[in-house]
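Work out the full structure: start from the sequences and follow the hints.
2 protein chains.
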Amino acid sequence: MKAEIINIGDELLIGQVVNTNASWMAAELTKSGIQVVYISSIADDVRAIEDELNAAAERADIILISGGLGPTKDDITKKTLAGYFESGFVFHEPTFEQVKKIFAARKFEVSELNRQQALIPEKCTPLLNISGTAPGMWFEKDGKVFVSMPGVPFEMKTMMTDQVIPRLVKYFRLGAIVHKTVMTTGMPESFLASQIQDWENNLPHHIHLAYLPQPGIVRLRLSAKGKDKEKLMAEIDRHINTLKTYISDIIFGYDDVSLEEVIGALLVKSGKTISTAESCTGGYLAHLITSISGSSRYFKGSVVSYANAVKRDLLHVDAGALEQYGAVSRQVVEAMAAGAREQLKTDFSLAISGIAGPDGGTTEKPVGTVWIALSDKDGVISQLFHFGEHRGRNIRRSALAALNMLRLQLEKKN
Amino acid sequence: MKAEIINIGDELLIGQVVNTNASWMAAELTKSGIQVVYISSIADDVRAIEDELNAAAERADIILISGGLGPTKDDITKKTLAGYFESGFVFHEPTFEQVKKIFAARKFEVSELNRQQALIPEKCTPLLNISGTAPGMWFEKDGKVFVSMPGVPFEMKTMMTDQVIPRLVKYFRLGAIVHKTVMTTGMPESFLASQIQDWENNLPHHIHLAYLPQPGIVRLRLSAKGKDKEKLMAEIDRHINTLKTYISDIIFGYDDVSLEEVIGALLVKSGKTISTAESCTGGYLAHLITSISGSSRYFKGSVVSYANAVKRDLLHVDAGALEQYGAVSRQVVEAMAAGAREQLKTDFSLAISGIAGPDGGTTEKPVGTVWIALSDKDGVISQLFHFGEHRGRNIRRSALAALNMLRLQLEKKN
Numbered sequence: 000m001k002a003e004i005i006n007i008g009d010e011l012l013i014g015q016v017v018n019t020n021a022s023w024m025a026a027e028l029t030k031s032g033i034q035v036v037y038i039s040s041i042a043d044d045v046r047a048i049e050d051e052l053n054a055a056a057e058r059a060d061i062i063l064i065s066g067g068l069g070p071t072k073d074d075i076t077k078k079t080l081a082g083y084f085e086s087g088f089v090f091h092e093p094t095f096e097q098v099k100k101i102f103a104a105r106k107f108e109v110s111e112l113n114r115q116q117a118l119i120p121e122k123c124t125p126l127l128n129i130s131g132t133a134p135g136m137w138f139e140k141d142g143k144v145f146v147s148m149p150g151v152p153f154e155m156k157t158m159m160t161d162q163v164i165p166r167l168v169k170y171f172r173l174g175a176i177v178h179k180t181v182m183t184t185g186m187p188e189s190f191l192a193s194q195i196q197d198w199e200n201n202l203p204h205h206i207h208l209a210y211l212p213q214p215g216i217v218r219l220r221l222s223a224k225g226k227d228k229e230k231l232m233a234e235i236d237r238h239i240n241t242l243k244t245y246i247s248d249i250i251f252g253y254d255d256v257s258l259e260e261v262i263g264a265l266l267v268k269s270g271k272t273i274s275t276a277e278s279c280t281g282g283y284l285a286h287l288i289t290s291i292s293g294s295s296r297y298f299k300g301s302v303v304s305y306a307n308a309v310k311r312d313l314l315h316v317d318a319g320a321l322e323q324y325g326a327v328s329r330q331v332v333e334a335m336a337a338g339a340r341e342q343l344k345t346d347f348s349l350a351i352s353g354i355a356g357p358d359g360g361t362t363e364k365p366v367g368t369v370w371i372a373l374s375d376k377d378g379v380i381s382q383l384f385h386f387g388e389h390r391g392r393n394i395r396r397s398a399l400a401a402l403n404m405l406r407l408q409l410e411k412k413n
Numbered sequence: 000m001k002a003e004i005i006n007i008g009d010e011l012l013i014g015q016v017v018n019t020n021a022s023w024m025a026a027e028l029t030k031s032g033i034q035v036v037y038i039s040s041i042a043d044d045v046r047a048i049e050d051e052l053n054a055a056a057e058r059a060d061i062i063l064i065s066g067g068l069g070p071t072k073d074d075i076t077k078k079t080l081a082g083y084f085e086s087g088f089v090f091h092e093p094t095f096e097q098v099k100k101i102f103a104a105r106k107f108e109v110s111e112l113n114r115q116q117a118l119i120p121e122k123c124t125p126l127l128n129i130s131g132t133a134p135g136m137w138f139e140k141d142g143k144v145f146v147s148m149p150g151v152p153f154e155m156k157t158m159m160t161d162q163v164i165p166r167l168v169k170y171f172r173l174g175a176i177v178h179k180t181v182m183t184t185g186m187p188e189s190f191l192a193s194q195i196q197d198w199e200n201n202l203p204h205h206i207h208l209a210y211l212p213q214p215g216i217v218r219l220r221l222s223a224k225g226k227d228k229e230k231l232m233a234e235i236d237r238h239i240n241t242l243k244t245y246i247s248d249i250i251f252g253y254d255d256v257s258l259e260e261v262i263g264a265l266l267v268k269s270g271k272t273i274s275t276a277e278s279c280t281g282g283y284l285a286h287l288i289t290s291i292s293g294s295s296r297y298f299k300g301s302v303v304s305y306a307n308a309v310k311r312d313l314l315h316v317d318a319g320a321l322e323q324y325g326a327v328s329r330q331v332v333e334a335m336a337a338g339a340r341e342q343l344k345t346d347f348s349l350a351i352s353g354i355a356g357p358d359g360g361t362t363e364k365p366v367g368t369v370w371i372a373l374s375d376k377d378g379v380i381s382q383l384f385h386f387g388e389h390r391g392r393n394i395r396r397s398a399l400a401a402l403n404m405l406r407l408q409l410e411k412k413n
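Sequences listed follow chains Y and B, in order. Numbering that gives the first Met the number 0 applies: residue 0 is where the first sequence begins, and numbers increase by one. Numbering that gives the first Met the number 0 applies: residue 0 is where the second sequence begins, and numbers increase by one.
Just so you know, these hints were derived from the structure itself, not from any lab.
Since copy identity is lost for identical chains, a pair holds within one copy or between any two.
Once the Cα atoms are required to be at most 25 Å apart in a straight line, the calculated DMTMM-like pairs of lysine to aspartate or glutamate come out as:
#1 K268 <-> E341
#2 K99 <-> E111
#3 K224 <-> E10
#4 K78 <-> E188
Being a predicted model, the structure only gives us computed values, none of them experimental.
Listed below in structure tokens is the structure:
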């Protein structure tokens with residue numbers, strides 16, 4: 000079953016609003032086994048809407064429309080739909096009751112403009128809007144379904160979840176489609192692709208693989224189509240088990256979990272605490288960790304030691320080591336990790352020292368050179384990384400690499 | 000001049016990714032006086048891409064395509080474009096040099112898959128991708144322009160700003176349109192609008208004002224259309240001078256400068272140094288400051304004191320004050336600021352202690368309660384803020400409020 004999403008609104012075309020409705024609707028449809036084949040944003044304009052309805056009907060069985068139903072603009076979308084389906088208007092009492100209820104709650108008088116919101120095309124099945132005034136409209140034509148919904152996100156979401164999705168599943172007697180996303184970190188997309196080439200070539204035809212890269216992270220999304228959701232998911236899981244034999248160390252989780260969530264859960268489970276000592280990441284690692292609600296259970300704090308004096312005074316890094324090896328060195332990053340663990344009294348401590356750029360690089364230690372150390376009661380381990388030239392990405396990739404180092408250690412020790 | 004934006008990627012159609020590229024591109028085109036008439040998201044599929052190119056050529060003069068250019072096999076845009084424009088492939092040496100450069104920096108070997116990224120359709124003008132490996136492609140056909148760009152946001156943005164927009168302006172001889180954005184912080188949009196109402200009503204017809212709100216920041220963008228860019232900009236500057244008489248304290252800069260850049264420049268100018276002591280912001284303030292290249296000239300470090308023990312041990316906050324007033328109090332935040340200034344030996348120190356949420360709020364100190372203090376040689380000033388309920392936004396708004404406090408102090412003392 001194929002679906003298309005049409006978003007109506009000039010605000011989308013001038014870039015004033017990010018279209019979060021489209022991605023939310025697409026995710027909901029996908030979860031229900033409906034394949035979204037096309038998403039468009041068009042103007043509040045009769046001709047644009049008519050053209051799009053015609054084109055959509057060629058491509059899809061389900062056409063979902065959001066936006067253009069407010070009390071000032073609704074005439075365009077609603078009238079255009081009525082015209083398209085050659086329908087007159089009727090007064091819909093339950094919608095008018097809803098309009099009156101909403102206005103009473105806000106202590107506003109109901110105007111003639113508001114009364115008109117209860118006029119709906121007689122050929123549609125109205126969908127009550129329990130969070131707003133503009134009703135949704137369900138049309139059927141030549142075996143295809145067209146649904147118009149409000150553009151206000153929470154009104155649209157309630158209507159989709161409570162009414163539109165259940166009606167679609169029933170109307171089209173839908174089959175199954177399932178997805179699972181494997182989260183990886185620390186290996187570039189092209190390198191990863193060649194590592195797992197054999198595995199990828201052995202995937203059956205009904206399972207599709209997509210690479211979704213972000214700085215420092217590559218997501219591998221597996222999608223399977225068939226009849227039985229549980230069987231398909233079991234099949235995907237089997238392929239992921241095989242995948243693990245190729246790249247076990249770089250897989251940190253599934254389905255859009257973040258690395259900071261993963262290490263948070265591992266720390267809670269083990270009852271351990273963490274601190275950080277940061278030079279080139281400048282607090283970003285601590286920020287990632289504390290972006291997770293409840294992180295105070297395992298995160299005690301960080302010393303952002305940008306200046307060497309702070310490494311010396313607060314982390315007790317030996318001045319001689321700073322002098323002899325430089326701040327970006329195994330010796331110093333290990334001393335930073337040990338110092339933070341001792342000063343902040345935590346089970347683990349992660350330390351990062353590197354050259355984020357664009358300045359500060361040398362031939363011996365170019366921009367992107369980053370040392371990361373992890374200290375715990377058994378000692379300290381450290382690793383040298385070579386990232387790229389982009390400051391912001393070097394900061395992000397350093398923090399992710401540190402979190403991954405901690406994850407591997409926590410998984411080994413659990 | 001009409002434009003259309005085509006976003007290629009299955010991840011958009013299953014709703015895994017919010018399409019921020021489309022809104023950003025639409026906003027950039029709009030700023031250049033180009034009207035966006037249509038935005039679509041389509042599959043990584045030859046037929047879907049070809050159909051869309053045909054439809055787009057009917058509606059628009061400029062067709063911008065983003066996505067589908069990665070090195071792996073789900074990316075088929077390049078081949079489809081070559082087919083559409085009936086073009087063979089040539090090896091593009093500068094692109095291969097760029098691929099090698101990116102991989103050398105990461106110490107990875109260049110694979111055959113990567114070498115293929117330098118194969119480009121001979122009928123296009125290649126656009127070098129200075130932030131990634133996949134080049135952009137500029138095609139011209141029947142007076143229309145088609146541009147293919149990478150889907151990775153920062154790669155696309157750099158290419159749009161540096162190459163695509165200037166080329167479009169030149170190719171289509173676009174009229175003069177100038178913009179200047181006034182950056183404000185600390186006043187909500189609706190309150191700001193009523194403060195500057197009289198000024199706004201006196202703007203001439205050819206100057207348009209747009210409110211562009213973000214958490215903690217409202218940008219006021221003035222756009223003027225006409226013939227002479229210099230005259231238009233002088234006119235905008237005169238109106239901004241008048242605007243300053245209404246809201247001087249909350250304007251921190253112009254044209255998308257960040258608050259962290261502004262305070263960086265002020266600190267460099269005054270030769271002063273800064274440190275931070277952070278509780279609820281968890282390192283985000285230090286991260287903002289160090290996201291600026293060259294910040295090591297004025298930023299020495301931060302103590303992220305998430306746990307009270309760290310406030311006590313590293314910042315020397317009095318245990319009695321923590322007990323008596325709680326961590327979120329004037330007494331504690333002032334002691335944190337003074338402690339950081341002393342321990343990290345800086346001219347200024349900013350401290351933040353608050354309740355980011357969603358947990359930890361009380362009737363007396365609900366989620367969003369944040370104390371911020373600024374310490375310098377003359378003493379310490381502090382201020383209480385009440386932000387909202389959203390953790391991420393509370394963290395961001397706290398950090399911005401702290402930076403603005405420092406900015407006002409630096410401007411007063413300069």
